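Peer 1: Just so you know, the sequences run in chain order D and S. If you read the first sequence in this note's numbering, its first letter stands for residue 1, the second for the next number, and so on. If you read the second sequence in this note's numbering, its first letter stands for residue 141, the second for the next number, and so on.
Think of the hints as simulated: they come from the structure by calculation, not from any bench. It is possible that some hints are incorrect.
Listed below are several chain S residues computed to face chain D (Cβ distance under 7 Å; list not exhaustive) [to be verified]:
1. K150
2. H166
3. A168
List time: in silico DSBU-like cross-link candidates among lysine-lysine, alpha-carbon distance up to 35 Å [claimed, not checked]:
4. K132(D) with K142(S)
5. K207(S) with K132(D)
6. K89(D) with K150(S)
7. K66(D) with K181(S)
Since this is a predicted model, take the numbers as computed values, not measurements. Yeah, the Cβ is synthetic: ideal placement off N, Cα and C, and Gly gets one too.
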Amino acid sequence: MNPILITQDCLNSEELKKILPLHPCCGALVQFEGIVRDHNEGQRVVGIEYECFWEMAERELEKILKEAKKRWSVHEVFIAHRIGRLAVKEVSLVLFVLSPHRREAFEASQYIIDELKKRVPIWKKEFYEDGKSDWIVCHH
Amino acid sequence: MKITVLLFAKLREILKRESLKIELPHNAVVADALDSLFRDKEEAQKMRRCLLFAINQNYVRPDAILKNGDELTLIPPVAGG
Numbered sequence: 001m002n003p004i005l006i007t008q009d010c011l012n013s014e015e016l017k018k019i020l021p022l023h024p025c026c027g028a029l030v031q032f033e034g035i036v037r038d039h040n041e042g043q044r045v046v047g048i049e050y051e052c053f054w055e056m057a058e059r060e061l062e063k064i065l066k067e068a069k070k071r072w073s074v075h076e077v078f079i080a081h082r083i084g085r086l087a088v089k090e091v092s093l094v095l096f097v098l099s100p101h102r103r104e105a106f107e108a109s110q111y112i113i114d115e116l117k118k119r120v121p122i123w124k125k126e127f128y129e130d131g132k133s134d135w136i137v138c139h140h
Numbered sequence: 141m142k143i144t145v146l147l148f149a150k151l152r153e154i155l156k157r158e159s160l161k162i163e164l165p166h167n168a169v170v171a172d173a174l175d176s177l178f179r180d181k182e183e184a185q186k187m188r189r190c191l192l193f194a195i196n197q198n199y200v201r202p203d204a205i206l207k208n209g210d211e212l213t214l215i216p217p218v219a220g221g
C-alpha cells in the first residue's frame with residue numbers, strides 16, 4: 001500500500017479506508033478529514049485552490065510519516081491530500097493512523113497534521129464572496 | 141554557474157514565471173540568488189522575509205552554498221491541510 005496520495009480527484013474516506021490493512025494487535029484507528037469551511041478570519045470563503053510542489057511534498061510527507069512511526073507505535077498510516085480547486089464542504093485531507101492503543105494513534109495523527117502544515121510545500125488560495133482572493137498563511 | 145529557480149503561489153504570480161535559470165558566481169549562496177532575482181522587483185522583495193528555501197528539494201538556510209546545476213525552490217508560507 002502506498003501510504004501517500006496527492007491527487008486532484010475527490011477524496012472518499014470510505015473507499016480509501018478499504019486499502020488500509022488492519023492488524024489484529026491494533027485496537028485504535030484514528031481517521032481525520034480536513035474539510036473546506038466557509039469562513040476564515042472574518043471573511044466568507046466560497047472556495048479554495050491548492051497548489052503543490054508534488055515531488056517535494058511527497059518527500060516531506062514521507063519524512064513526516066517516518067518520524068511519526070519512530071516516535072509512536074504506529075503500524076499503518078495513510079495520508080491523502082487533494083490539490084486543485086475545492087468547494088466548501090469538500091474534503092481536502094484524509095489521514096488514517098492505526099496503532100495498538102488510542103493515545104499513540106491520537107498523538108501521531110496530531111503530529112502528522114501539525115508537521116504537514118509547517119513543512120509540506122502545498123499552498124492555499126482562498127476565494128471570497130466579494131470576488132477577491134488571497135494566498136493564505138497557515139496559523140492553525 | 142547556472143541554477144534553476146522554481147517559483148510557486150504568490151511569488152509565481154508576482155514574477156509571472158514558474159521557473160527560470162539564472163547565472164551566479166561560484167560559491168554564491170541562496171541570499172545571492174535572491175538579490176539577483178528580486179533586483180528592481182519591490183513586490184517580490186517584500187516577500188523575502190517570509191520565504192523558506194530548498195535546494196534539490198531539501199530545506200536549507202539562506203547562507204547555503206549553491207552549486208552548478210542546483211534546483212533552488214523559493215517557498216512562500218505553506219498552508220496545506
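Peer 1: Determine for every hint whether it applies to the structure shown.
Peer 2: Now for the hints, and whether the structure bears them out:
| no. | hint | verdict |
| --- | --- | --- |
| 1 | K150 | holds (4 Å) |
| 2 | H166 | violated (26 Å) |
| 3 | A168 | violated (22 Å) |
| 4 | K132(D) with K142(S) | violated (38 Å) |
| 5 | K207(S) with K132(D) | violated (41 Å) |
| 6 | K89(D) with K150(S) | holds (25 Å) |
| 7 | K66(D) with K181(S) | violated (40 Å) |
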